[in-house]
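Chains as they are written, first to last, in UniProt numbering: chain B, 1 to 201; chain F, 1 to 238.
Hints are not guaranteed to be accurate.
[Unchecked claim] Here are the computed lysine-lysine pairs in the PhoX-like style, where the Cα-Cα straight-line distance is at most 20 Å:
#1 K78/B with K111/B
#2 K56/F with K150/B
#3 K78/B with K32/B
#4 K64/B with K32/B
#5 K171/B with K72/F
#6 K31/B with K75/B
The hints are simulated quantities; they were obtained by calculation from the structure and are not laboratory data.
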Amino acid sequence: MSVENAPVVDVDEAAIPVEKKMYYRFESNDKKEFRVSELAIQQSETLNRLVEAMGYTSEDVENKPAIAIENIDGKTLKLVFQWCEHHKGEAIPVDDGSVPKIVEIPEFDAKLMDIDNGLLFKLIWAADYLNIVQLLNVSCKKVANMAQGKTPAQLRRVYLLPSDEEDEAAKRAAQEAQDPRAREVEEEFEERKRQGGNSFF
Amino acid sequence: MSNFDPGLDTFPLFQTPSLVWEMVILRMGLLEIFTLSFCSKNIYNAVQPVDLLISKPNVKLEPLFERLRTVKILWFEVDRTLPVTVPIGLTWEHEELVLDNAHWLTVPHLLLMNCKRLIIHNCLLQDFDINLYLRHFVNGAVPLVEHLTIEAVRQDMMEVLEDIECEENPNRVLKTSPDDIRAMLITPMDIRQNGETIATVFYTQETSFSISTYFLDVVKPSHICVGPVDNGVSRYMI
Numbered sequence: 001m002s003v004e005n006a007p008v009v010d011v012d013e014a015a016i017p018v019e020k021k022m023y024y025r026f027e028s029n030d031k032k033e034f035r036v037s038e039l040a041i042q043q044s045e046t047l048n049r050l051v052e053a054m055g056y057t058s059e060d061v062e063n064k065p066a067i068a069i070e071n072i073d074g075k076t077l078k079l080v081f082q083w084c085e086h087h088k089g090e091a092i093p094v095d096d097g098s099v100p101k102i103v104e105i106p107e108f109d110a111k112l113m114d115i116d117n118g119l120l121f122k123l124i125w126a127a128d129y130l131n132i133v134q135l136l137n138v139s140c141k142k143v144a145n146m147a148q149g150k151t152p153a154q155l156r157r158v159y160l161l162p163s164d165e166e167d168e169a170a171k172r173a174a175q176e177a178q179d180p181r182a183r184e185v186e187e188e189f190e191e192r193k194r195q196g197g198n199s200f201f
Numbered sequence: 001m002s003n004f005d006p007g008l009d010t011f012p013l014f015q016t017p018s019l020v021w022e023m024v025i026l027r028m029g030l031l032e033i034f035t036l037s038f039c040s041k042n043i044y045n046a047v048q049p050v051d052l053l054i055s056k057p058n059v060k061l062e063p064l065f066e067r068l069r070t071v072k073i074l075w076f077e078v079d080r081t082l083p084v085t086v087p088i089g090l091t092w093e094h095e096e097l098v099l100d101n102a103h104w105l106t107v108p109h110l111l112l113m114n115c116k117r118l119i120i121h122n123c124l125l126q127d128f129d130i131n132l133y134l135r136h137f138v139n140g141a142v143p144l145v146e147h148l149t150i151e152a153v154r155q156d157m158m159e160v161l162e163d164i165e166c167e168e169n170p171n172r173v174l175k176t177s178p179d180d181i182r183a184m185l186i187t188p189m190d191i192r193q194n195g196e197t198i199a200t201v202f203y204t205q206e207t208s209f210s211i212s213t214y215f216l217d218v219v220k221p222s223h224i225c226v227g228p229v230d231n232g233v234s235r236y237m238i
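Chain F extracted, bound-state conformation:
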């Protein structure tokens, strides 16, 4: 045990075991975590990722997101019982962005999410919304997005890919992990433009305890895919 004998108003946080200081940080408020992240590069790295849950109404999101700009991995969730309106002009430029209970999400929001990895759970986007997004995606609206996953209700892929130049590509695989339980529902479709593959669309189904969940993945060529991070093991590549 450390023999540290601090003064009355100091506490040597990083002289505690790593489990302890991690517990301390996880019990801080979001504002304190942000403030802490400005103290040094090591601390900045230590407080990633940020898991932000909006659980009360009337939270001013603009100043909050101004502070979130530097966060590499952001998990953002809005309590589904809250009538929260997420402003469209927010900046979302993270390496990885995971949205849960994204019932507030619209195409204009999505077109401002220029993140390398984007995972969306429980949104209300319709097939024609995703089609509209893909058209902008093809034209380079969100150039940093390399892999998008949308978990939604069953989709009509004919409508999702309507008027987008596509080609079946049965050789593309989304998963290489033998533990992955997702089943392909369509042959992977390459989105093409000027003879070049822009991305591949996968439509998959996961069934667990008789409950089916559907996923739409849009993946740029040769991108190494990292699946939804559950227990840090869902890692697969294209």
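Only chain B is shown next, with the shape it has when bound in the complex:
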């Protein structure tokens, strides 16, 4: 049937059910509660899957306990949800493994991330944990911008980068931690050396 020949149907707009906006309740690890819109939650793949799996109705959202996010504190979660609410409905970048050549930090995001590095660190962890791709994108760009105009010595200080010697020591410590028997053998060897023995096996 062509478009021209399609029957015209009068629509009674009042009869169309208006979908009620649903707000979910979340609780941080320091017991601060947040109400977040369904659309804003879609920015977080982790939370979106979680609420889908829970299948809450509007009544459930009000009557059941808030959904606990146990490893993020209230201060950080507040920033995360502010970001999600501001960017709700925006397309989520597809993770195809490619690297965006240019990442612009929007004004809102720049203001939101005008925080001390301790909180920025927690925000990035939260964005990674909650899988909020675009928040991770802009926050990583903010950290990347810290490198501008720095010398290697300054970069070591800014990013708390270990030296080659510290890397080696950490590697040895990790190896020892993984193989306790190796450490025992080494200690036994050292002990025998102290006792004057010249053969081990």
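On the provided structure of chain B, position chain F as indicated by the hints.
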């Protein structure tokens, strides 16, 4: 989650998940990545490979390439709309060098690219240019080159191999991967000198969605070939 509480002007980059610090590094400018690579051996290894795209005119390439000397794997691309002239005297000594949009490439450039693995896409080299390069190659001009791949328009292999001592060798294979879709267009040709095989030349065609791409591979004997790295799976050996 880490309980790190840094000071105001520090950020513990490598205490973030690896995905995060990789994202941070990939969002840095090239200069910052180079500077970062000087901080420790581990970081140097972490920032490989370097993917360098020249997207604006008048970039001074000499100082840039001076910094690139230590890079093991370099991807170099020039925006095809830019009239960029890449100086001939640059140093290209990497384990792997991948050139994309290499419309600027000439034989003198190629003869200074002494890299173990060299992959060239979209160059304007003609058959006689490749022939000239192969003559120098046979005489040891680029001793470190073990595998060269040139993606170009259809080539006349008679002209490419003109006056070079060659012998057909149907037993040589370029690909062992069953997923490899390249088809051989000629019998592999061994380039010989003083009774010794210097390298084998393969000429292949890849067709995808009715578009054909032609590849010329020059591979030293017994060299393990690593194909153009697409999704890290195009790995095959001779």
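Does K31/B pair with K75/B here, judged by a C-alpha cut-off of 20 Å? Distance ~11 Å between K31/B and K75/B Cα, so the pair holds.
20 Å Cα cutoff - pair K78/B, K111/B: 14 Å, holds
Run the distance test for K78/B versus K32/B: straight-line Cα separation, threshold 20 Å. Judged against 20 Å, a Cα distance of about 9 Å means the pair holds.
Is K64/B close enough to K32/B, meaning Cα to Cα at most 20 Å? 16 Å, holds
Given the hint that K171/B pairs with K72/F, does the C-alpha gap stay at or below 20 Å? It is violated: about 23 Å lies between the C-alpha atoms, which goes past 20 Å.
Quick one, are K56/F and K150/B close enough, alpha carbons at most 20 Å? Not satisfied, since the Cα-Cα distance of roughly 23 Å exceeds 20 Å.
Hints 2, 5, counting from the list given before, are not met by this structure.
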